Amino acid sequence: MLDTILYYISSFIDFLRGLNVSNVVRTYWFLFFVEFPRYYILEYGVLFYRFLTRNRRHRRRALARWLLHHDRPLVTILVPGKNEGKNIYKLVTTLREQTYQNFEIIIVDDGSDDDTPLICHDLERAKYITKYLRCNVRGGKASAANFGARIATGKYIVHLDADSSLDRNAIENVLIPFYMDKRVKAVGGCVLVRNYKENICTSLQGYEYLKRIQVGRLVTSQLGIYHIISGAFGAFDAETLKEIGYWDIGPGLDGDITQKVRKAGLRVAFAHNAVCLTNVPTQWYKLYHQRIRWSRSLVRFRLKKHLDILLPNRNWNFLNFLSNMESIFYDCILNFIWWFYIINLIFTFHASFLQIFAMGYILRIALNYIGWGLVRIISERPGATYWYLRYLPLMPAYSGWFMRFARTTAQLSELFFFQSYKDNWNPYKTSRSAQLEKI
Amino acid sequence: MINIVTNKHGYRILVCDEPVWVEFHTQYKADDFDGVFINIPFANDVELILKGLNPITCNKAAYKPFFAARTLKDKIGIYDEMFDAYIDSVDEELVLKTFKELENYRKEYDVPQETGAITNHGLLILRIFRYYISRNKLILEPKVMEKSAMGCALPLAECLHSWSLFHINEYFSWIDMGLAHGTLAYRKTVYRMHVCPKCQHSHLIYQEQCPNCGSNELDYEPVIHHFPCANISPEHTYIVGGQLICPKCHKPLRHIGIDYDRPTSLYLCHNCHQSFLTPDTTARCTYCGTVSNVNDLFPRSIHVVEITPRGINDICHSVHSFSPYNDYFNNYMPMEAFENRLQLIATRSLAHDGVIRGLMIALLWATDENGGVMTRTEKVVEAVSRLFVNNKVTATNFCIYVQSTILEDEGEHAKEQFRKKVSDNAAYIAMFLQPYSQLHIAFKTIGNNVEEDRLFAKEWSLIPSTSDITIRYEEVTHPKDMSTMMFISHKLNAAFEDGQTEEARRLADQERMRQEIDELQDRPPISELLSYLKWGYIVLAIVAIIAIIAGYWFWLR
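Note that the protein sequences, when read in sequence, are chains A and B. Under my numbering, the first residue of the first sequence carries the number 1, and numbering increases by one thereafter. Under my numbering, the first residue of the second sequence carries the number 1, and numbering increases by one thereafter.
It is worth saying that the hints were derived from the structure and are not from the lab. On a predicted model such as this, the values are computed, not experimentally measured, just so you know. Watch out, some of these pointers could steer you wrong.
To be verified - These stretches of chain B come out as covered by chain A in the derived footprint (C-beta under 8 Å, 3 or more residues):
1) 160-173
2) 469-475
What the hints assert, rightly or not - No more than 27 Å apart at the CA atoms, straight line, and that leaves these computed lysine-lysine pairs for DSSO-like:
3) B:Lys248 <-> A:Lys263
4) A:Lys90 <-> A:Lys182
5) A:Lys438 <-> B:Lys198
6) B:Lys251 <-> A:Lys263
7) B:Lys29 <-> A:Lys155
8) B:Lys73 <-> B:Lys51
9) B:Lys137 <-> B:Lys75
10) B:Lys137 <-> A:Lys429
11) A:Lys422 <-> B:Lys147
12) A:Lys304 <-> A:Lys155
13) A:Lys429 <-> B:Lys248
14) B:Lys75 <-> B:Lys188
15) B:Lys251 <-> A:Lys304
16) A:Lys82 <-> A:Lys438
17) A:Lys155 <-> A:Lys286
18) B:Lys147 <-> B:Lys137
19) B:Lys100 <-> A:Lys304
20) A:Lys90 <-> A:Lys304
21) B:Lys137 <-> B:Lys198
22) A:Lys127 <-> B:Lys198
23) A:Lys242 <-> B:Lys188
24) A:Lys422 <-> B:Lys420
25) B:Lys51 <-> B:Lys143
26) B:Lys75 <-> A:Lys305
27) A:Lys127 <-> A:Lys305
28) A:Lys305 <-> B:Lys147
29) B:Lys97 <-> A:Lys438
30) B:Lys29 <-> B:Lys97
31) A:Lys197 <-> A:Lys90
32) B:Lys73 <-> A:Lys82
33) B:Lys73 <-> A:Lys182
34) B:Lys143 <-> B:Lys29
35) A:Lys429 <-> A:Lys286
36) A:Lys304 <-> A:Lys182
37) B:Lys51 <-> A:Lys242
Every residue, glycine too, gets a C-beta built ideally from N, C-alpha and C.
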């Protein structure tokens, strides 16, 4: 056994000795020409730019904060959900701790069949929540959110998932971008993982959220191509929301509404310091199903419903085009290309595939450590980021294989079988109607 | 017509077939009849007759057997409780049986013959209990009754409450106090209801209000969910020319369950334009008008209670005072205790013990238009006890005493403060006055030597011939709910005493009856009616003059 391992190690060292820069670059072109520029060079570059412009940004931010507290608009916190009674109290408790307090809380119960009505009625009586709305029949998250948004009286509507909880300054921070730029009509909050220490699965997701949401969306927002406001935590200008007709049927309604805001010629921004914590799936199969659902929405909304963004004859805007193309290219097209790349590697270097594979894995681990530096710089809890260092060697497998597999499955099933319309996430009646209407 | 007949068993029965105020009919004495027979065929007249002649408030007929014509059986509702039997003739065997039974009960429990006036609500409720004892109904079970302000009460209490003879609060207080004193024993709870937190009335109007602005202008509207576009909004936003058109995607809604559904309904406030799922529910008391949140309504348990053996003794022999101020106010003292206290303080004051320097008493009494001292009522004592919560209070039948102890370091300043406090509160106490009556206040202070002290000890309780403060009825503003008699005029009180002239008694009877009937029937007093009549004459004269002129003019044509 030991001899075999030593043999492989020595052959791997021999393989490394035989490599030169040209070989490496040609072999790992996908890594060097696709992933590295996008996820490392660009992000470091943008952060460097932010560093250079920090003083101006801080001044603008301080002014916007003052304007916010001077204007003191009523904010509606909208929490649609089904069977979320047990989470509501925790959420409301964090809301009562907020530094910005001029808000109303509307809980929309989408036909819960547990104790949610009792809990919410009690909270309403105790004035912990402003309004509790209940649909006796389940209509889906979009309809529940729309119901609450119709009743909302706030100038801004903050959409929250019931199982999330907020940092003390999250509401304030998510509102500030509205006052930094009057053209901003929707702001995404930064969703991070609460249970990241629970097991390997959650820890990997925790790092993924930090890298892809907190860092990734900060960068896309800075570039003006931010394209998804998390359903778990996002703020909208109420008037704008009304104009664009509120939410459409999901799954993926958060990305859809962001597209609608962008298509209306308005700006969206990301508030990386408006932190919302949520629990992520603790089991791999649940995580897989969640990612399947998320990935299907890319095909359904970006490639089908909002295809007009990509077409030059209708609704064309360069940033919107870039935003959509970035998402489609990196999350969809390159996803398929990656499979061809791997198959090509297998066929081309079938004798030394294992060495090439190991080399690629090591390179990706090294890049992940470089990427961790980004997380460390941006995170509002830098100390907590050290936790993830031990899990970084697993990240290439997690994001490179597991996630790619989930994305590919989902996109293929959606492209050819329209599986998102069969998802239980929405009630059958609404999914069927949406399919008939080609929404 | 009213007359006394003797039946074949030798019982004298007052047979009555018209409303009569027997209490003020001098020709009928309490000993002249043993029972009463209401012999009328019409159920509607029973209430009117009972108001003047009943076994509770009418001294002459108190606790005596009451019979009603058999035709009235099951037709007189809650008044059924006041009758012991339904008969066709006074000679029936049932009459004899009833007489024997009730005689035995009255003898067994020693239920007294009533003689005095009912000067407070407590006495009235005491009589209700005595009545039940005289009927050997020791377990008292409240019933749910239509129109009952108490919601659920003893039928007899409900009868008298419906005549406005006591306030519902008083009734519940007596029941609670009876249970606390051991006069009554708890048997079981039959109802637990929610009543007005202010007056304990059970007649409440529940109303829905906007939780935002409190307005009642609410509309209830279903909400429509359009499946394809997930739009969800009130029904009116969908209605276009009688069709349902989605306001978001402008597509028609054709089939419920296929295109759309109605998952819930919403309240819309026309005042503040807010929408909400559940309105606030408030309760408005029909009696006092208090609007309270349903969560703030007072929970009141209605118990089945039993009059205990001790209670029978206390109630029948007035051992249990049922005095609200005895139970409620810490500063009220019985006269004997008050006197002892005064002596103690006087002794310490004269001994110059370094703590107590003296004492001061304020005497409050009222006089009627003839200068006669009026009898004070429980309500006035209650009010004084409440107003002078830091002073000891006691009362005789005619006068109320408020005491203030002067401490060593206070001196004249404390006396002045007490005078001011009494004169300030006098305006409130004077609200209890009746027309033409006056409230008097006098102050007495202990002297500085033994002689003066002896004089004080002898005379402190006597009403002086002059007062330090006098307030006339006309000088005070009377709130509407203070219309109950609080000081009873000496003249009316004397109607129950012997030794007055026949003429005075007759006049007093008439006046009393008129006032009582006016109060019971909730109509304005006769003087007010006469003033209306005067205007009627004037109007009649004007009409007559116009008619004459018109007739003359027509005749000329």
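Here is how each hint holds up against the structure:
With a cut-off of 8 Å between beta carbons, the stretch 160-173 of chain B has 0 residues touching chain A; three or more are needed, and the interface restraint is violated. Residue count for the stretch 469-475 of chain B with a Cβ under 8 Å from a Cβ of chain A: 0. That is fewer than the three needed, and the coverage hint is violated. Proximity of Lys248 of chain B to Lys263 of chain A is assessed by CA-CA distance (about 17 Å); at most 27 Å being required, the pair is judged to hold. About 33 Å separates the Cα atoms of Lys90 of chain A and Lys182 of chain A, which puts this hinted pair outside 27 Å; it is violated.
The suggested pairing of Lys438 of chain A with Lys198 of chain B is violated, with an alpha-carbon distance near 62 Å, which exceeds 27 Å. Using a Cα cut-off of 27 Å, the hinted pair Lys251 of chain B and Lys263 of chain A holds, with the two alpha carbons roughly 22 Å apart. Restraint check: the Cα-Cα separation between Lys29 of chain B and Lys155 of chain A comes to about 83 Å, which exceeds 27 Å; the hinted pair is violated. At most 27 Å may separate the alpha-carbon atoms for a hinted pair to count; Lys73 of chain B and Lys51 of chain B meet this at roughly 19 Å.
With a C-alpha separation of about 22 Å, the suggested pair Lys137 of chain B and Lys75 of chain B falls inside the 27 Å cut-off, and the hint holds. Annotation: proposed proximity of Lys137 of chain B to Lys429 of chain A is violated, straight-line Cα distance about 68 Å (limit 27 Å). Taken as a hint, the Lys422 of chain A and Lys147 of chain B pair is broken in the structure, with Cα atoms around 61 Å apart against an allowance of 27 Å. Note on Lys304 of chain A and Lys155 of chain A: the hinted pairing is violated, with a Cα-Cα distance of about 32 Å set against a maximum of 27 Å.
For the hint linking Lys429 of chain A to Lys248 of chain B, the alpha-carbon distance of about 18 Å falls within 27 Å, and the restraint holds. Distance check on the hinted pair: Lys75 of chain B and Lys188 of chain B sit about 30 Å apart at the alpha-carbon level, beyond 27 Å; violated. Proposed proximity of Lys251 of chain B and Lys304 of chain A is supported: the alpha carbons are some 21 Å apart, at most 27 Å. Under the criterion of a C-alpha separation no larger than 27 Å, the hint pairing Lys82 of chain A with Lys438 of chain A is consistent with the structure, at around 26 Å.
Taking the CA atoms of Lys155 of chain A and Lys286 of chain A, the gap is about 37 Å. The hint is violated against a cut of 27 Å. The hinted pair formed by Lys147 of chain B and Lys137 of chain B meets the criterion: a straight-line CA distance of about 24 Å does not exceed 27 Å. The straight-line distance between the Cα atoms of Lys100 of chain B and Lys304 of chain A is roughly 100 Å, outside the 27 Å bound, and the hint therefore fails. Of the pairs offered as hints, the one joining Lys90 of chain A and Lys304 of chain A is violated, with about 38 Å between alpha carbons and a cut-off of 27 Å exceeded.
With a C-alpha separation of about 32 Å, the suggested pairing of Lys137 of chain B with Lys198 of chain B is violated against the 27 Å cut-off. Proposed proximity of Lys127 of chain A and Lys198 of chain B is supported: the alpha carbons are some 25 Å apart, at most 27 Å. Taking the CA atoms of Lys242 of chain A and Lys188 of chain B, the gap is about 60 Å. The hint is violated against a cut of 27 Å. For the hint pairing Lys422 of chain A with Lys420 of chain B, the CA-to-CA distance comes to about 86 Å; that exceeds 27 Å, so the pair is violated.
Annotation: proposed proximity of Lys51 of chain B to Lys143 of chain B holds, straight-line Cα distance about 22 Å (limit 27 Å). Between Lys75 of chain B and Lys305 of chain A the alpha-carbon distance is near 78 Å, which puts this suggested pair outside the 27 Å criterion. Taken as a hint, the Lys127 of chain A and Lys305 of chain A pair is broken in the structure, with Cα atoms around 41 Å apart against an allowance of 27 Å. The suggested pairing of Lys305 of chain A with Lys147 of chain B is violated, with an alpha-carbon distance near 66 Å, which exceeds 27 Å.
Restraint check for Lys97 of chain B and Lys438 of chain A: the C-alpha separation of about 92 Å exceeds 27 Å, so the hint is violated. For the proposed pair Lys29 of chain B and Lys97 of chain B, the alpha carbon gap of about 24 Å is at most 27 Å, so the pair holds. A threshold of 27 Å between alpha carbons decides the hint, and for Lys197 of chain A with Lys90 of chain A the separation of about 19 Å falls inside it, so the pair holds. For the hint pairing Lys73 of chain B with Lys82 of chain A, the CA-to-CA distance comes to about 62 Å; that exceeds 27 Å, so the pair is violated.
A threshold of 27 Å between alpha carbons decides the hint, and for Lys73 of chain B with Lys182 of chain A the separation of about 84 Å lies outside it, so the pair is violated. At most 27 Å may separate the alpha-carbon atoms for a hinted pair to count; Lys143 of chain B and Lys29 of chain B exceed this at roughly 35 Å. For the given pair, Lys429 of chain A sits about 24 Å from Lys286 of chain A by alpha-carbon distance, which is consistent with the 27 Å threshold. Restraint check: the Cα-Cα separation between Lys304 of chain A and Lys182 of chain A comes to about 31 Å, which exceeds 27 Å; the hinted pair is violated.
A threshold of 27 Å between alpha carbons decides the hint, and for Lys51 of chain B with Lys242 of chain A the separation of about 69 Å lies outside it, so the pair is violated.
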